[in-house]
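Protein chains: 2
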Amino acid sequence: MSPDRKQIVILGGGFAGVYTARYLEKLLRPDEANITLVNRENYWVYQPMLSEVISGSIGLANVVSPIRRLCRRTNLVTREIEEIDLANKVITVSPGFRPRQLKLHYDYLVIALGNVTNFYGMPGMLENAIPFKTLADAMVLRNHVIRTLEEADVEEDSELRRKLLTFVVGGGGFSGVEVIAELNDFVRAVKGNYIRLRNEPHRCVLIHSRNRILQEMAEPLALFAQKTLRKRGVELILEDRLLAATSEKAILKSGVEIPCKTIVCTVPSTLPPVIQKLNCAKEKGKLLTNTCLELKDYEGQVWALGDCTAVKTVSGKEAPPTAQHAIREATTAATNIAATIRGGQRAQFAFEGLGTLGSLGHGAAVAQILGVKLSGLVAWILWRCIYLMKMPGLNRKVRIASDWALHLLFAPDLAQPKLQPESGIQNPLFAAGDVVFQQGDLGDSVYGIEDGECDVLQEESDGSQKLLATLTPGDYFGEMAVLSDKSRNATIQARTAANVLIIPKGDFDKLRHSVPAFGEIFRALAKKRVESTAEPVVNRSDSAET
Amino acid sequence: MSPDRKQIVILGGGFAGVYTARYLEKLLRPDEANITLVNRENYWVYQPMLSEVISGSIGLANVVSPIRRLCRRTNLVTREIEEIDLANKVITVSPGFRPRQLKLHYDYLVIALGNVTNFYGMPGMLENAIPFKTLADAMVLRNHVIRTLEEADVEEDSELRRKLLTFVVGGGGFSGVEVIAELNDFVRAVKGNYIRLRNEPHRCVLIHSRNRILQEMAEPLALFAQKTLRKRGVELILEDRLLAATSEKAILKSGVEIPCKTIVCTVPSTLPPVIQKLNCAKEKGKLLTNTCLELKDYEGQVWALGDCTAVKTVSGKEAPPTAQHAIREATTAATNIAATIRGGQRAQFAFEGLGTLGSLGHGAAVAQILGVKLSGLVAWILWRCIYLMKMPGLNRKVRIASDWALHLLFAPDLAQPKLQPESGIQNPLFAAGDVVFQQGDLGDSVYGIEDGECDVLQEESDGSQKLLATLTPGDYFGEMAVLSDKSRNATIQARTAANVLIIPKGDFDKLRHSVPAFGEIFRALAKKRVESTAEPVVNRSDSAET
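Heads up: the protein sequence lines correspond to chains A and B, in order. The opening residue of the first sequence carries number -1 in the numbering used here; numbering runs sequentially from there. The opening residue of the second sequence carries number -1 in the numbering used here; numbering runs sequentially from there.
In isolation and in its complexed conformation, chain A is listed as follows (with noise of 0.2 Å):
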């Protein structure tokens, strides 16, 4: 091995940090640097046709790309980014099957990282929302929609039922908009396969904080395309936005509720928290760079770029975060690096954009290519060829182009693969009269609450409902069911918005068997809880009794 051979590594596998790979493997000889990839998943995600994964229009394996082979002279490390240290030039990743942390050493760097939803200040969407970022976003989507309509179907009460069938998406971009699109289209096809959902309608809701939909393109487009989406059965709501979410409903700026059980959110988004952590010039929350891409303060050993960089062209103009800027930003980025090894003329970038597309489902889109507007069925079957051309590689064309084919053919796939039962410790937020659980309900879980206040509430022979007692931060509930194996004798309900810890009974189970102490804890109250029949199903953390 050469002892000059230069170290390159690359963080991010989106299109800036593959592409970027890609041009260098073409630009430098294996003797002159070795190069290595970071990124959490072993392959790169066609973001354009990710929405169509929605309705299995491409299949999920399609829809991505094996970086290996995409990249074949490139190391790559399929681990988590934990820490950038500039100043010693260390990258650190996460532990893989042993936990220890891995070391890599670089003479150049190159950020492209992307960037992640973030719900800060939006209560109760991490735990209810769903993103629309990554392949499992989408794949988690597509099951959860499949798990709604099978239970819609069993489902006798009218009011769930019309919840089940409720889809609301948050964020009037290309993203929000394709979603929203696949999403009505999907269900159309498949209710007809639910017996009792054949007749039943769903509501498929689009909230934007603007006055029009899809910003980035000419007025006349997003007016067709909003009439299109509303042909097709969408609901559109304007100038509002979403502003907190519990299990049963999507809460609007406006007050405005939406009673449902899926809420997808395509905005906002920020840094990884890993370059947050970076000690570097930024510039509205992105990362600095000058028109060569090098970071500010670390030339020709930093370069940054895609959607975590604020990119300028030449002319002084931002670069959007689509897939053709971040193919050109790798372009220059690569030159530069080849440049800055064998020496030789730096390249800036100058790429002002060819135009836009968006799919506003099956057999319609909007596009604006060099300067021509094209909208309906000739817009939708460029957008198709445009972004069949751009996915690299023969195989994954061919492969696309049959789902397609097969997709005409016949009927969307309604296969809901369950991989793991949802589990594990979680705290989520109620709103004012949501219920917690139902006296009558199984006994599946234990509560804890965080914040917020709850009332328990039992229902007399009479019918009306009698309030036992009302609940605070530190206390705890839903013992006695779970230690006993039977049904709730008291009703739950949020009296204020409230944060629940939520221990389900298998983790319950192996905690109080392994750490006697917190099953005594446990144990002590459900022995108080039947001594004192007034209060059945709670129990405060004192003693105090209410």
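Hints listed in this document are in silico derivations from the structure and should not be mistaken for laboratory results. Fair warning: there could be bad hints in the mix.
Note: identical chains are not told apart, hence a pair may lie in one copy or across any two.
[What the hints assert, rightly or not] Listed next, the in silico DSS-like pairs over lysine-lysine satisfying Cα-Cα at most 25 Å (straight line): (1) LYS282 to LYS251; (2) LYS310 to LYS275; (3) LYS4 to LYS526.
Got chain A sorted already, so can you dock chain B onto it with the hints?
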């Protein structure tokens, strides 16, 4: 609705259950009976092709078929079955979004629940071995294998790398043989994409308890299969069996230990718990029926078929657990239910089987059909033709044929979609000598000993290891590094076989914040440990110090 309309409930959505529903839809008019099918998933799995999911030669979604499309007039309830009450003719199914059970009343019942993997008496298998029955199993296995390759590519420790590249399958029936063959094909095909694994050997080991694999077939075919597998690099261990597993190795009955990170177990199976609880006649652990497939003592009311039943043909032979038998049993059961409702001649089960087929990986198979024995490529082509023909529906036939064609043209896919990070409270088995964690590792979990003993070892400055303490059941350890966010200051090694409770940091933090008494237990321990430097990571639950 006609008051005479009978309620038919079918439990289980495998070959037996789904085909019973399909035949009943043909035999009975909608006004004669309501048909309800209860299954955990909303899809039916085409078991003969399940192993092809491992190599991706069939897409995940194409090896299953939505039950709603296969049985369009049947009400599908996608829930777990919790109780079968034969006396009162009621089926209780698990809760959905709301924790409340659903009760289904029936006039006629079909039990076709198959069997489940049973690791009873095989320590550590539940935590460390992957069963191979469901689609979820196949997905988990595929993702696990890709993860081991990703990790092996990064790993510096050659011993761990060898473990990561060793794949062990227990059971040399059709399922086990197909799994090891697909696994071996897949690893061979994709290894070239891993720069550091290209020239590294991998091990695929098949373990079988008898003196030859594929007992269901004639000896010459089984020997051909063994020769083919060995030629392709699969190791066969005969007359031995999997006894136990840890996260580091497979332990065989003979005492042989195979260091590995992947264990698949295709044996043994048992009745689903809900049938085990049933108080009715059984034979060899299976439900006992007559040749009309009626459950003993419930004739004219309950039919039992498929793998959960000891079905005998008219000639007295036992029907093996294959798809072809399940389909014929379904015809018999459906005919007899229709006869019970309408009156008429009952059918007896008299199918003697057409033959057996087993795949040995790409381009090789063994077949024994109507007395003719075939092996090699001819048998493999026959295998594909027969199973493609038997897949119901043109949609799936076209999709599978297209998958196969693409698989011949292109390299297998190696994307590893990570869904949820593995987490939650666990209690795995460690074998004597296994390391629970190593000095210098990250503090990512808190541990408690359920049974067995563990040594606390600290590395001295001269490189030797000093025994600080031995931990016994009831002791817990590892909270120091978690509470202070530091790395481990000692190694914990199992002295005997030990069951250890593991609470991940995330769950531990939620618990100690919401159940203050729980946090107090560990804070007190940590404080005591700081005072006693002789015992740095460990503490007894009582106050005795070692």
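Up to 25 Å CA-CA - LYS275 versus LYS310, copy category: within (23 Å within a copy, 69 Å between copies)
Is it within, between, both, or neither for LYS4 and LYS526, if the alpha carbons may be no more than 25 Å apart? Classified as neither; 69 Å inside a copy, 50 Å across copies.
Checking LYS282 and LYS251: alpha-carbon separation at most 25 Å within a copy, between copies, both or neither? within (24 Å within a copy, 64 Å between copies)
Hint compliance for this structure: hint 3 is the single one not met.
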